[in-house]
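Quick mapping for you: the protein sequence lines, in order, are chains U and S.
Residues are numbered in the working numbering as their position in the first sequence, beginning at 1, plus a constant of 194.
Residues are numbered in the working numbering as their position in the second sequence, beginning at 1, plus a constant of 194.
If you're looking for bench data, these hints aren't it; they were derived computationally from the structure.
Mixed in with the good hints there might be a few duds.
Mimicking PhoX-like on lysine-lysine, the simulated pairs with C-alpha atoms at most 25 Å apart in a straight line are [what the hints assert, rightly or not]:
1. K251/U to K550/S
2. K366/U to K251/U
3. K251/S to K322/S
4. K400/U to K370/U
5. K366/U to K400/U
6. K251/S to K550/U
7. K568/S to K550/S
8. K322/U to K550/S
9. K400/S to K370/S
10. K366/S to K400/S
11. K550/U to K400/S
12. K550/U to K568/U
To give an idea of the chain S side of the interface with chain U (calculated C-beta under 10 Å), a few residues [stated by the list, open to error]:
13. F284
14. K336
15. A337
16. G478
17. E516
18. W520
19. V524
20. D535
By construction, the Cβ of each residue, glycine as well, lies at the ideal position given by its N, Cα and C atoms.
2 protein chains.
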Amino acid sequence: MAKPLPVSPLARPLPDLATIAGVRLSAVAAGIRYQGRTDLMLAEFVPGTIAAGVYTKNACPGAPVLWCREALTTPYARALLVNAGNANVFTGRAGMQACEDCADATAQLLNCPSQDVFLASTGVIGEKLPQDRIIAALPAAKAGLSEDGWANAACAIMTTDTFPKAARRDVKIGGKPVRIQGIAKGSGMVAPDMATMLAYVATDAKLPQNVLQSLLTSGCTQSFNSITVDSDTSTSDMLMIFATGLADNPEIDDVNDPALAEFTLALNDLLLELALMVVRDGEGATKLVRIAVTGAESNFSAHRIALCIANSPLVKTAIAGEDANWGRVVMAVGKSGEPADRDRLSVAIGGTWIAKDGGVVENYDEAPVVAHMKGQEIEIAVDLGLGDGQARVWTCDLTHGYIDINGSYRS
Amino acid sequence: MAKPLPVSPLARPLPDLATIAGVRLSAVAAGIRYQGRTDLMLAEFVPGTIAAGVYTKNACPGAPVLWCREALTTPYARALLVNAGNANVFTGRAGMQACEDCADATAQLLNCPSQDVFLASTGVIGEKLPQDRIIAALPAAKAGLSEDGWANAACAIMTTDTFPKAARRDVKIGGKPVRIQGIAKGSGMVAPDMATMLAYVATDAKLPQNVLQSLLTSGCTQSFNSITVDSDTSTSDMLMIFATGLADNPEIDDVNDPALAEFTLALNDLLLELALMVVRDGEGATKLVRIAVTGAESNFSAHRIALCIANSPLVKTAIAGEDANWGRVVMAVGKSGEPADRDRLSVAIGGTWIAKDGGVVENYDEAPVVAHMKGQEIEIAVDLGLGDGQARVWTCDLTHGYIDINGSYRS
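In isolation and in its complexed conformation, chain U is listed as follows:
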């Protein structure tokens, strides 16, 4: 990057972070691409830590994604190594070799099997990963491991992000306190499935892998798979959760166990908070946009319609221009290919129904709509009038900032 990007106007401050028993993190400057900042994070997990993950569906995934999918065939995790600046994508056999080398070096240092080391890389596609620099930085990374390393880790994984992203929840399972804490990065090439995005959550809860995986998969649907910045799906996306099991909670083997309800809600909430931070840091974003679709033929159909609106450049540029151009919303519904009946369609902006049953609402009050469009959080509601299907997705506006950032990313 030629110069640092201005911080997103939608940025959120880092929350009050705590520690997760059994997790230590560190961040170092390995000089992979960026100068004068950290670009490599290492997390160490206590033996017995269980992992679950959700990975990009892009058909050309990066080597680290392939590595992690393979590593997840056993439930255990002892380390997570993430670099920023180079995505290790489309790097052929050399890319897989780089993964093996990095995992082996980490495993040797932490005295664990290579398969218990999870890897991620984010940044430019198609350039060979300078694994020697990563491996050379590992001893310093190990020396810096600390239970308080969360904020530094959140900073080290940033690429075009303009603020570090983290969230925390304290809840109970069966009356026993457990904690969930996570970090994320992502700001461009963000679209389902999933956002261009790395997100790592840890908890001290004691949970078997099937429960953990099931919680993560379902939480991802309503969070990271319901956001889009630019409709582009990264080759490197991943969301992982690590459960150290050091809390005193009772054993749970069923994801639907009522004792897990509070934890599930808190995890979903934390995932959504992290996902919305990614949208808030959408490249060039000045407005966070929530699109709620109701009355569709199914939830699936509602989700597709909502994404079609959220990905429409014309809808997004209108929002950037603070123009309540509901006609473009109608266009986006129509182009989705999903069942829609023009004469039952209604559109609201900021809670004011502008169009109802196929026509503009005569003499609707424009003043609150105009005021709403000037705000930082925009709400668009669409009712199809066909059935009970509903969905919510989030996106941001499309501005000059997006063009600035992406027209010169590699220069």
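Based on these hints, arrange chain S on the given structure of chain U.
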């Protein structure tokens, strides 16, 4: 529009236009939305003229699209009335009434059935069409009808277009000269199917409707359905052809008749020329981009992959920044959902293969690639290495101009 847009750097001059026997056109200022320019075109066709059409697949089409689909249940056309500035979309029952009123008034003036009058409207969605102004302008439009009215007609249908678009071909059917001439408009909300776009072609050839419709449908696939500016599908798109039958060509009832081969090629060529003019006038465009996909599992798959690349904001902004960011092309292939094998994928820019068989080409010559990216016409080739499927699509880059135009369209 607050102020006129600068003419696209990719603009083409109007070609040397001729007349089509049996077609007279005029353009007038009806004051629908724009001031100080024409915004209504009328074309009159000689009795016996045959029409064929292709219309938007958007599920929320404008009232004029519904009108035309209905009018096309008989093959005859006597008039075409097109206004710019108001799309007459999402205007409920009033929108259909406006169509009926405009068609009736035109039919009365030209002494023909209302069903032989074709209508189109382009511009803002959701505002009531001021049909009284259109109807009031009809007598002047009739008075101005002229065989030489083509250029004026091309100007009258422009909205955010920055240059008028027309093309002409002179060919033979069975040794007898016939002519094809057409005009088009479109620059934003342009994506299959079809471009946000109006295109009208006339010919003096004598052809039955089934042949005409079949020629148009197939010509549209390789032209207007192979372009995209911003992935948004308009509610008003249409492509029509009118054949006056005043030429001396022999009768043809089979679209595959060898006597029609030259005409078919010329028509396809003219449709592609018009479609590329629409891309050349893509909102904010500074580069025309051709994406050629080969080696896909099928032509259909190749077409979807090509569109996925062409619609990727990250690919388009990279091109705007003259950055040969082939990694984003790989990402777009991967997100298409079509069969792709990372390790067989190759990418070329400007004829230089940068990536082959899943990895970057070691020491490829960057100089010609850098030079190519600075040009106005960019060529991206992707080979999947899987089968014989191929497709070509065209798009433009995504620049600050697009944001400028669409962030303030209604203001």
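How the hints compare with the structure:
{"no.": "1", "hint": "K251/U to K550/S", "result": "22 Å, holds"}
{"no.": "2", "hint": "K366/U to K251/U", "result": "33 Å, violated"}
{"no.": "3", "hint": "K251/S to K322/S", "result": "22 Å, holds"}
{"no.": "4", "hint": "K400/U to K370/U", "result": "11 Å, holds"}
{"no.": "5", "hint": "K366/U to K400/U", "result": "12 Å, holds"}
{"no.": "6", "hint": "K251/S to K550/U", "result": "22 Å, holds"}
{"no.": "7", "hint": "K568/S to K550/S", "result": "23 Å, holds"}
{"no.": "8", "hint": "K322/U to K550/S", "result": "15 Å, holds"}
{"no.": "9", "hint": "K400/S to K370/S", "result": "11 Å, holds"}
{"no.": "10", "hint": "K366/S to K400/S", "result": "12 Å, holds"}
{"no.": "11", "hint": "K550/U to K400/S", "result": "47 Å, violated"}
{"no.": "12", "hint": "K550/U to K568/U", "result": "23 Å, holds"}
{"no.": "13", "hint": "F284", "result": "5 Å, holds"}
{"no.": "14", "hint": "K336", "result": "31 Å, violated"}
{"no.": "15", "hint": "A337", "result": "34 Å, violated"}
{"no.": "16", "hint": "G478", "result": "9 Å, holds"}
{"no.": "17", "hint": "E516", "result": "8 Å, holds"}
{"no.": "18", "hint": "W520", "result": "6 Å, holds"}
{"no.": "19", "hint": "V524", "result": "5 Å, holds"}
{"no.": "20", "hint": "D535", "result": "8 Å, holds"}
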